[in-house]
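All chains should be built: construct the whole structure from the sequences, respecting the hints.
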Amino acid sequence: MVNGFRFRTKTIESSKTTQNSGIMCKASTMSYASVKDKNPILGKVTYYGVLTDIINIYYASNMEYLLFRCDWVNNERGCNQDEFKFTLVNFDHVMYLDNLPTDEPFIFSTQAEQVWYVADPLEPSWKVIAKMTRRDNFVVYSRDPNIEPIIPQELDDRPLGDDRGGG
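Residue numbering for the sequence shown follows UniProt numbering, starting at 1 and increasing by one per position.
These aren't lab readings, by the way, just hints derived from the structure by calculation.
Quick reminder that beta carbons are idealized off the backbone N, C-alpha and C, glycines included.
Check each hint, because a few of them may be wrong.
[Unchecked claim] Label pairs and their calculated CB-CB ranges:
1. Y65 <-> R6: 13 to 21 Å
2. R8 <-> M30: 28 to 36 Å
3. R77 <-> I54: 26 to 34 Å
4. E64 <-> K85: 33 to 41 Å
5. E76 <-> T133: 25 to 33 Å
6. D37 <-> P124: 38 to 46 Å
7. S34 <-> T133: 38 to 46 Å
[Said to hold, decoys possible] Result set (DSBU-like, lysine-lysine): computed pairs, CA atoms no more than 30 Å apart in a straight line:
8. K26 <-> K10
9. K16 <-> K131
10. K10 <-> K131
11. K26 <-> K44
12. K26 <-> K131
13. K38 <-> K26
14. K131 <-> K85
15. K131 <-> K44
16. K26 <-> K16
17. K26 <-> K85
This is the structure in structure tokens:
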């Protein structure tokens, strides 16, 4: 479990009925309005992909990093938005196919959010993106703007039983 999601690689889930390999990552990037623009603006770019490998890196001093290798959809050719504002992706347009040293198919697991893909009935090569809800979180609707829309549920590690100490 990472960030409240259970991830599986595309290969492992091929024999499953559920889909847990869909990945979304929001990255911060500097961009310019035009070639002549001298003032870059920090913005967020969302990438969609499929998890292909999970890599656990161990360093001395108990440092550990979990990386996800993904097949990322090219945002220019493989992302679209329909008239209902649904985001669609096409995995025929994937980045980093040449496996070059300059490719960046990796993200830290903490940067990942989970999505799943639904085939578009009108265009089979395009998939509609559906965002997953984190596990152990419940969506609570309220008209009060001071109430958080998602309330995390925190569980402790105590065994179930009588709290009075009797067993």
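Among the hints numbered above, which are violated by the structure, and what are their numbers in rising order?
none
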